[in-house]
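So the protein lines, in turn, are chains U and W. Here the first sequence is numbered in my numbering, starting from 1 and rising by one per residue. Here the second sequence is numbered in my numbering, starting from 1 and rising by one per residue.
Simulated from the structure, these hints should not be mistaken for laboratory data. Mixed in with the good hints, there may be bad ones.
Taking lysine-lysine and the BS3-like style, the derived pairs with C-alpha atoms no more than 30 Å apart in a straight line are [stated by the list, open to error]:
| hint | chain 1 | residue 1 | chain 2 | residue 2 |
| --- | --- | --- | --- | --- |
| 1 | W | Lys31 | U | Lys358 |
| 2 | W | Lys369 | U | Lys31 |
| 3 | W | Lys358 | W | Lys369 |
| 4 | W | Lys31 | U | Lys369 |
| 5 | U | Lys31 | W | Lys358 |
Which chain U residues stay away from chain W? Per the calculated CB distances, all over 10 Å, these [to be verified]:
| hint | residue |
| --- | --- |
| 6 | Tyr77 |
| 7 | Glu133 |
| 8 | Leu141 |
| 9 | Ala250 |
Computed from the model, here is a short list of chain U residues facing chain W with C-beta under 10 Å [to be verified]:
| hint | residue |
| --- | --- |
| 10 | Val231 |
| 11 | Ala334 |
| 12 | Asn407 |
What you are looking at is a predicted structure, and each value in this text was computed from that prediction instead of being measured. Note that beta-carbon positions come from the ideal geometry of N, C-alpha and C, so glycine has one too.
Protein chains: 2
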Amino acid sequence: MKSNVRVIEWPEGMIHAVPGFRTAALHCGLKRKSDKPDLALLACDRPAAAAGVFTTNCVCAAPVAYSRRALRSTGGYARGVIVNAGNANACTGQQGARDAREMARLAAQAVGARPIDLLVCSTGVIGHPLPMERIRAAMPLLARRLRHRRGQGDFARAILTTDLVRKTDGCKVRMFGRTVRFAGACKGSGMIAPRMATLLGFIATDAPVVPDVLQRALSEVVDRTFNCLTVDGDTSTNDTILAFASGTHAPRLLKEARGPEYEALQAGLYRVCDSLARQVAADGEGAQHLVTVVVGGAKDDRQARVIARAIAESPLVKTAIAGNDPNWGRIVCAAGRCGIRIRPEECALTVCGFDLFKAGQPLPFDAAKVSSAMDGTEVSIVLMVGDGPGSARFYTCDLTHGYITINADYHT
Amino acid sequence: MKSNVRVIEWPEGMIHAVPGFRTAALHCGLKRKSDKPDLALLACDRPAAAAGVFTTNCVCAAPVAYSRRALRSTGGYARGVIVNAGNANACTGQQGARDAREMARLAAQAVGARPIDLLVCSTGVIGHPLPMERIRAAMPLLARRLRHRRGQGDFARAILTTDLVRKTDGCKVRMFGRTVRFAGACKGSGMIAPRMATLLGFIATDAPVVPDVLQRALSEVVDRTFNCLTVDGDTSTNDTILAFASGTHAPRLLKEARGPEYEALQAGLYRVCDSLARQVAADGEGAQHLVTVVVGGAKDDRQARVIARAIAESPLVKTAIAGNDPNWGRIVCAAGRCGIRIRPEECALTVCGFDLFKAGQPLPFDAAKVSSAMDGTEVSIVLMVGDGPGSARFYTCDLTHGYITINADYHT
Chain U
1 MKSNVRVIEW PEGMIHAVPG FRTAALHCGL KRKSDKPDLA LLACDRPAAA
51 AGVFTTNCVC AAPVAYSRRA LRSTGGYARG VIVNAGNANA CTGQQGARDA
101 REMARLAAQA VGARPIDLLV CSTGVIGHPL PMERIRAAMP LLARRLRHRR
151 GQGDFARAIL TTDLVRKTDG CKVRMFGRTV RFAGACKGSG MIAPRMATLL
201 GFIATDAPVV PDVLQRALSE VVDRTFNCLT VDGDTSTNDT ILAFASGTHA
251 PRLLKEARGP EYEALQAGLY RVCDSLARQV AADGEGAQHL VTVVVGGAKD
301 DRQARVIARA IAESPLVKTA IAGNDPNWGR IVCAAGRCGI RIRPEECALT
351 VCGFDLFKAG QPLPFDAAKV SSAMDGTEVS IVLMVGDGPG SARFYTCDLT
401 HGYITINADY HT
Chain W
1 MKSNVRVIEW PEGMIHAVPG FRTAALHCGL KRKSDKPDLA LLACDRPAAA
51 AGVFTTNCVC AAPVAYSRRA LRSTGGYARG VIVNAGNANA CTGQQGARDA
101 REMARLAAQA VGARPIDLLV CSTGVIGHPL PMERIRAAMP LLARRLRHRR
151 GQGDFARAIL TTDLVRKTDG CKVRMFGRTV RFAGACKGSG MIAPRMATLL
201 GFIATDAPVV PDVLQRALSE VVDRTFNCLT VDGDTSTNDT ILAFASGTHA
251 PRLLKEARGP EYEALQAGLY RVCDSLARQV AADGEGAQHL VTVVVGGAKD
301 DRQARVIARA IAESPLVKTA IAGNDPNWGR IVCAAGRCGI RIRPEECALT
351 VCGFDLFKAG QPLPFDAAKV SSAMDGTEVS IVLMVGDGPG SARFYTCDLT
401 HGYITINADY HT
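So here's chain U without its partners, still in its complex pose (with noise of 0.2 Å):
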C-alpha cells in the first residue's frame, strides 16, 4: 500500500460533504433512548458506484444477504443505503428477508429511486424481529430530512450501538489532475452478538472510477485495514463495508486497476479506512489501550499477518498490556505457537520504543521504565522475525475488566 500519490488530511470530512451525496437520520425506537438516532440514510443523487465487502460468518444476517444480491444485479451501481443500529435483523429467517427488502423499498421511496438501487445494513440484537412498524412510521421525517439536509452528521451517530464515540475520518487526492474526496463514517466495538457492536463501515468518494475497479480497491484496502484489526477475535453475522463513488458520470473514468490513477484510488481508500480501523480498537470493549503490533522479518506478508494476528488476539498479551506490563514472554510465545516457523534465535521484540528480546533471550531493561511508557493510550509492538520481505500490521486493544463487565455481567 505504499505509494507516491500524496494525500491531503479532510479530518472534518463527512460522508454528505463529498459532492454528490446526503445523508439523514432520526430516532425511530430502535434503541431504548430517544436521544440516540438508530435510522439513518445515505443517498447518492445520481447512480454511484458500489462496492462491498461483506462478513465471511457462514451465520449472516438477512440485510447481508440482501445487499450481496442486490449489487450483483446492478452491476456495481446503487444510489444509496439504508442503516438501523440496535437490531440485526439476524437469525430471523424467512421474516428477515421480507423485512430487508422492505427497508430497501421504503428507502427507495424516500429517495426517488429503484428498490434495487438501495442496500441495506443492520446491526444491534440477534434473533430478533425487525418492529418494521416503527421504521415504517419514521421513513416519511426520514425523507424529508434528507431533501432538506437536516441532520445529516447525525448519520454517523445514528450507526452505532455499543461504540463510546463516533468514528470518521476524510482525505483529499489529485485524480485526472481534479481533487476527489474521500469521507467515511463506521461502527465498531469489536464484538459479534446480540446486543452489541458490529463493524460496519460505509465510504463516500466522488472519485470517478467504474464498479470493477472500485470493487477491487476496496478488497486490497479492507484487507490491509479491517481486515487486520481485532478487537475478541470474532466476526460478526453483519459485518458490512461499502463504498460508494459519485464521479460516475465525470468526463474520464478510472476503469483500470492500475496507474497512478488508480494509485490515488487505492491511497483515499486507504487513508479513511486505516483511520476508521484505529478507531474501532482504541474504541473496543474496555479498551484502555490502542495496540499497535508490526511483524517485519517474515518471509512473506502472509506469514508476517499470521504472526501479527496471534500476538494481537493472544489474551495473555492483551492482559499484560492492560497491566502495563513488559512481559515480553507472553509475545514471543505467542509468536512461536501460531504455525508459523520462526526461530528465537533471529527474534528481536521492540514495545513502546524500548529493546526487551534479542536472539533467543530476555535484554537488560528497567521494568518501570518500560511500564510507564506503555502507561499511555498508544502501545506499539514491534517484533523482527527474520531478514525476509513479509511485514504486517494488526491493530487491537488490550483486555480489560471493562470487557469482563459488558460481556459476562450483562444478563440475558
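Following the hints, put chain W in place on chain U, whose structure we already have.
Chain W only, in chain U's frame:
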C-alpha cells in the same frame, strides 16, 4: 476412542502406587513459600518404555529440547524424569541447555542410572537462568527420600505453579489376562508465560508394551484429550506429556498398535488423560465453570474439532458463560466464523440440556431457567451442525474478572 474395554475406576491412584515406580519431592527454593515443594523426581526401578508429546511452540524451553533428544537416543526407554516448578528454563540460551543436562545428570545419580536415561521438565517463569546451586544442594535429600519412599504423594503438588488444586487420577484395565494400572498427575491452569502454569503431565503404567506402541497410543490419546483443552488458546514453551510403562519385563509384551490389548492400553491412557484434562479446565485461571463443548453432525472429526475449538476459545462465549447468560447468538456466531462451511438452517444448539436454537432461528425458552441451570460448576454446550459422522469434544472454562486480575493486575 470408543471401545468395549472395561475400565475399572481407581481415583485414588497415584504414580508411586503403580508397580515399578517411586516418586519423591521437596522444597529447594524455586518457589518462594517454603511449605511448597518445587522439585520432584519420578523414578522407574528398571528401564521403562517411555513416550512423550511436546509443545509445538517454536519457542521451546531447554528441557523440552533435551528430553526430546534423550528419548530419541535411548530408543524410547527411560529410568525417570526430574521436574521443577517455579522456573521454566526457557529463553535461557546455552546456559539453559547446560542446566537441563546437569539436572538429568544429578537425577541419574540419585536413581543410579545413566544421565541419558533421565528426562527433564521445568515450568514457571521464563527468561531467567535456573538457580542451579539450589537444585544441586537439594539432590542428596531428594535421593534419600526416593530410597526411603518418603513424601511420594508430594510429586503431584511439587509440579504445580498457579494451580489451585492438585490434579491426579488412576484406573485399571485387563491386558493379557492381568490387571494393569494407570496413574497420572498433571499441572496447568492454562497460561503460557512468566510466573504461570504451563501444561505438564506424567502417566505411569505397568502395562507391558514396547516404546513405539506406547508412543503411538499416547499421541492418539493426547490428541483427543490434552489437545482438546483450552483455557486461553495459548501453548507454552514447556508443554510436555510423558508416559512411562514399567511392564517391559513381562512375559508377554504388546508389540503392535492394534487388537484388544492395544485397545486396553489406549482405554487406560485415555481415562487418565481425559480426567486430567478436565481437571485443568476446571482449574483454569479465574474459572468459575468447567465447560464441555460437543460438536456433532460435522463432515468429519477434523471439521467438528475446528468448530468446537472456535466456540471454546471465543471470548464472547466464555464471558457469556461467566455471566450464566444463555447467549446462543455468540455460540452460533463463533461456529459460523471458523472457516468450516456450516448452514445455520441445519444447526441445533443445546446448552445445559435446553434447546435454544434450531433451523436458523432461536427457539422460545425461559432465559431465567436456563441461566439458573448454567449457574452450576459445569456447563455443557452441544451444537449439531448437520447429519455428518464427524464429532469432537473440547474442554474449556469461562472468562472472568479473576482471569484479568491474575494476568493484568500483576506487574513485572
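Against the structure, test the hints numbered earlier, and report the numbers of the ones violated in rising order.
-> Per hint list: zero violations.
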